[in-house]
Amino acid sequence: MSFKITTLLGLLLVAVSFAFAAWLYPKLPNPMPSHWDAVGRVNGYLPKFWGAFLLPIIMTGIWMLLSILPRAAPKSYRLDGFMDAYGIICLTILGLLFSIATFVLLTAKGERLPMQHIIPVLLGLLLVIIGNYFGKLRKNFFAGIRTPWTLASNEVWTRTHRLGGWLFVTGGLAIVAAGLLAPPVSVPFILIAVIGVLVIVPYTGSYFIYRRAEGFREGKHPD
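Quick note: the sequence shown uses the working numbering, first residue 3, plus one each step.
Don't read these hints as lab results, they were simulated from the structure. Be careful, since some hints might not be right.
Restricting the straight-line Cα-Cα distance to at most 27 angstroms, the calculated cross-link-like pairs of lysine-lysine (BS3-like) are [to be verified]:
1) Lys6 x Lys111
2) Lys141 x Lys6
3) Lys6 x Lys29
4) Lys111 x Lys29
5) Lys111 x Lys50
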């Protein structure tokens with residue numbers, strides 16, 4: 003799927019999110035629920051306008067930012083070689099926000115939805131999709147696992163993102179499983195643990211991959 007198509011689809015999601023919020027607006031309470039605890043109880047509210055339109059507004063900002071960034075990339079960090087993968091990742095992020103906005107509005111309207119299961123499943127699916135495209139990212143100035151060692155070597159970048167892709171897919175599936183099967187009170191702890199692994203392992207792993215790929219040893223430096 004080309005970047006142009008994913009950009010247009012992202013814009014369509016933004017427009018539909020605004021339209022859906024406007025359609026339901028007369029039926030929404032004031033204030034309206036905007037946050038749920040681990041067992042699905044409402045523990046946060048927003049004024050009606052912001053509850054209905056905050057996420058569509060955020061989607062608009064993200065769509066604009068993600069559409070502009072490729073054009074702002076420095077010449078040596080162009081995204082030309084992987085724009086299609088970048089576009090799918092952007093569309094996936096917007097799809098997550100669109101789904102959350104839709105479920106929030108339906109819940110505020112009175113539908114009984116298990117938000118304690120829905121949110122983890124959506125987050126897990128986001129990680130799975132991003133992980134599937136991580137290996138297609140090439141060195142750039144804002145997306146991916148950007149460490150001193152991945153930016154110093156194309157080989158280290160590629161191998162680190164293969165590792166990161168596998169971790170994202172595995173971690174995403176773990177979060178989906180937790181959202182569906184684990185006791186709701188344990189899901190936040192599982193989510194924190196998975197995110198910790200996704201941050202720490204690729205970062206430290208890139209260092210060891212660099213040492214192996216570039217022949218770096220303590221006390222010695224590559225020429």
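List, from low to high, the hint numbers that the structure doesn't satisfy. 1, 3
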